[in-house]
Amino acid sequence: MVGIAIVYDIARWEERALIEAIRARGLKPQIIHVESTNFTIGDGLDSSIDIVLQRSLSHSIALTSTILLESSGLEVVNNSRSIAIAQDKVWTLSLLSRSGIPAPKTIVSFSEAKALEAANMLGYPVVIKPINGSWGRLVSLAPDKETLRIILEHRLYTRNPYMKVHLIQEYVRKPGRDIRVFVVGDEVPVAIYRVSNHWITNTARGGKALPAPIDEELRELSIKTAKTIGVEIAGIDIFEDNDRGYLVNEVNAIPDFRNTVPATGYNLQDKIIEYLISKIKR
Amino acid sequence: MISKKCPICGRSVDLPDDVLPGEVVDHDCGVSLEVILNNGEILLKPLEISEDWGE
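Taken in sequence, the protein lines are chains A and B. Everything in the first sequence is counted per the working numbering, starting at 1 for the first residue and increasing by one. Everything in the second sequence is counted per the working numbering, starting at 1 for the first residue and increasing by one.
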């Protein structure tokens, strides 16, 4: 009998579906709810656990609980290093660049003056985003210098030190959608278009999920991206640019998929559990 | 069905028998409550949304 544990903070549709997928295979899921658990550094929780799936919603809890579980020799998917990379847009984009993976042109500035200069270099409109956010939160579009100046001023007076690091990105003119590709191990089982009239297409922000075809180029790009970041299970956000083709925008190490399953009819939760079992048996 | 008291309004909150720790329950009084398991006992606390939530 294989022992699969799921570590999480908030139990959403995805976590329930994953637990049910474990049960559907005749296995007993091990549930590690972080707020209900003490983690002793270097001491395993339960010797019957073979592998742990990280599903925490809070970025800090996801990373810390993964490190704690790894301290006792447990294998956690995704591992702590890849989670830390995926949570940091600068780290992610730097590694993608070094691997020759196409991504939106990005300049990082540590002052208002340099951020305004960066925007001039990229050309308006520009996108300004936090280096560690998610769900499109605090991502802003500056159509001109005055708007960017106002956004930067707001960031200057927030307490969060990460908001003093300005990630300025070219605005990619998407065709009213982007692509969320799911990677599980060496496979790309399913993808969706996230369609929206708004320039932010995240489904968490109202983007509609529709099934997307996976061509060979998209498949190879997604696998290469996942390998570069080190994630085994990922949701990769990809733009379609008229001139340059696919551009990788973000990598999500603990992806939401509650909109993907009904839109595609694909049982992604079972695919993830199948992958974890295959790792144990290797 | 498991019955617990809402920590905000004091009225009863019904939870399914298979409720998971970490599940969020919307109560009639308008509060979202998070299920916590403490040494086998089910507790409810108001849901605190963190600014670092995400994928």
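These are computed hints drawn from the structure, not numbers from a lab. A portion of the hints provided could be inaccurate.
Claimed, not checked - Among chain B residues calculated to face chain A with C-beta under 10 Å, some are:
id, residue
1, 6
2, 13
3, 38
4, 52
5, 54
6, 55
Said to hold, decoys possible - Here's a subset of chain A near chain B, in silico, CB distances under 10 Å, partners left out:
id, residue
7, 57
8, 134
9, 250
What the hints assert, rightly or not - Negatives, chain A to chain B, calculated, CB over 12 Å:
id, residue
10, 6
11, 11
12, 12
13, 37
14, 40
15, 114
16, 120
All residues carry an ideal CB built from backbone N, CA and C; glycine is no exception.
Status of each hint after checking the structure:
A distance limit of 10 Å between C-beta atoms decides the matter here; for residue 6 of chain B the minimum to chain A is near 19 Å, and the interface restraint is violated. Taking 10 Å as the C-beta cut-off, the interface hint given for residue 13 of chain B is violated, the closest approach to chain A being about 16 Å. Annotation: residue 38 of chain B was flagged as interfacial toward chain A, and the flag holds, the nearest CB pair being 7 Å apart, inside 10 Å. Taken as an interface hint, residue 52 of chain B checks out: its beta carbon lies about 4 Å from the nearest beta carbon of chain A, inside 10 Å.
Evaluation of the residue 54 of chain B hint against chain A yields a held restraint, the C-beta minimum of about 2 Å falling below 10 Å. With a least beta-carbon distance of about 4 Å to chain A, the hint placing residue 55 of chain B at the interface is held under the 10 Å criterion. With a least beta-carbon distance of about 5 Å to chain B, the hint placing residue 57 of chain A at the interface is held under the 10 Å criterion. Restraint check, residue 134 of chain A versus chain B: the minimum CB separation of about 2 Å is within 10 Å; hint holds.
The interface hint given for residue 250 of chain A is met, as the beta carbon of that residue sits about 9 Å from the closest beta carbon of chain B, less than 10 Å. A beta-carbon of chain B is positioned within 12 Å of the beta-carbon of residue 6 of chain A; the least distance is around 10 Å. Distance check on residue 11 of chain A: its Cβ comes as close as 4 Å (rounded) to a Cβ of chain B, failing to clear the 12 Å threshold; non-interface status is violated. Distance to chain B contradicts residue 12 of chain A as a non-interface residue, since its nearest Cβ pair spans about 8 Å, not more than 12 Å.
Once the 12 Å rule is applied to beta carbons, residue 37 of chain A is inconsistent with being away from chain B; the minimum gap is 9 Å. Distance check for residue 40 of chain A against chain B: the nearest CB is about 16 Å away, which clears 12 Å, and the non-interface claim stands. Distance to chain B confirms residue 114 of chain A as a non-interface residue, since its nearest Cβ pair spans about 26 Å, more than 12 Å. Every Cβ of chain B is farther than 12 Å from the Cβ of residue 120 of chain A; the closest lies at roughly 30 Å, confirming the non-interface assignment.
Violated hints for the displayed structure, listed by number in ascending order: 1, 2, 10, 11, 12, 13.
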